[in-house]
Amino acid sequence: PPQPGGSGEMAMNPQAVSQLLEEMENWDKDKRFMAASDLMQEVTNSNQVLDLHLQKRVCQAFLKQLEDQSIDVQGNAVKCLAKIVSKFQEQQIGEVLAKLSQLVLDGRAEVRD
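All residue numbers for the sequence shown refer to the numbering used here, where the first residue is 233 and numbers rise by one.
Hint data in this document are derived by calculation from the structure and do not stem from the laboratory.
Backbone N, C-alpha and C define an ideal beta-carbon position, used for all residues, glycine too.
None of the hints are false.
Derived EDC-like pairs: lysine to aspartate or glutamate, alpha-carbon spacing no greater than 16 Å straight-line:
| id | residue 1 | residue 2 |
| --- | --- | --- |
| 1 | K319 | D283 |
| 2 | K263 | D300 |
| 3 | K296 | E257 |
| 4 | K288 | E327 |
| 5 | K296 | E254 |
| 6 | K315 | E274 |
| 7 | K315 | D270 |
| 8 | K261 | E299 |
| 9 | K319 | E274 |
| 10 | K311 | D300 |
| 11 | K311 | E274 |
| 12 | K331 | D300 |
| 13 | K296 | E255 |
| 14 | K311 | E299 |
| 15 | K261 | D300 |
Restraint ranges, calculated between C-beta atoms of paired labels, are given here:
| id | residue 1 | residue 2 | range |
| --- | --- | --- | --- |
| 16 | Q334 | R289 | 17 to 27 Å |
| 17 | L337 | N279 | 31 to 41 Å |
| 18 | D338 | Q280 | 31 to 41 Å |
| 19 | Q247 | S333 | 31 to 41 Å |
| 20 | Q301 | A243 | 26 to 36 Å |
| 21 | I325 | P246 | 15 to 25 Å |
| 22 | G339 | K261 | 17 to 27 Å |
| 23 | N245 | G339 | 35 to 45 Å |
| 24 | A243 | L337 | 33 to 43 Å |
| 25 | Q323 | E299 | 15 to 25 Å |
| 26 | N279 | E254 | 17 to 27 Å |
| 27 | E257 | A314 | 18 to 28 Å |
Kindly produce the complete structure, drawing on both the sequences and the hints.
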């Protein structure tokens with residue numbers, strides 16, 4: 233929900249982002265799924281540009297999930313990446329595209345959409 237008195241846009245909370253990045257590697261697939269969704273919300277709702285270091289970490293976390301054992305986690309990572317890629321700089325976008333292309337060429341049906 234928007235903060236009272238604010239314009240509805242929120243600053244990003246680096247601690248929250250770090251915690252979500254850790255949860256994206258949790259042994260529990262449901263936690264990985266939820267953390268990815270929450271992180272995507274955090275990034276897309278923020279009016280701030282991610283600093284480059286954080287961009288890399290976020291990008292890597294989602295790319296890692298593209299190869300998760302859980303198909304649900306994989307599919308969710310693809311959706312999240314599609315929404316947050318506009319917040320990334322060109323270098324990160326290139327990495328995302330390269331990874332997705334590689335997975336599609338390897339015949340991973342989950343990422344084709």
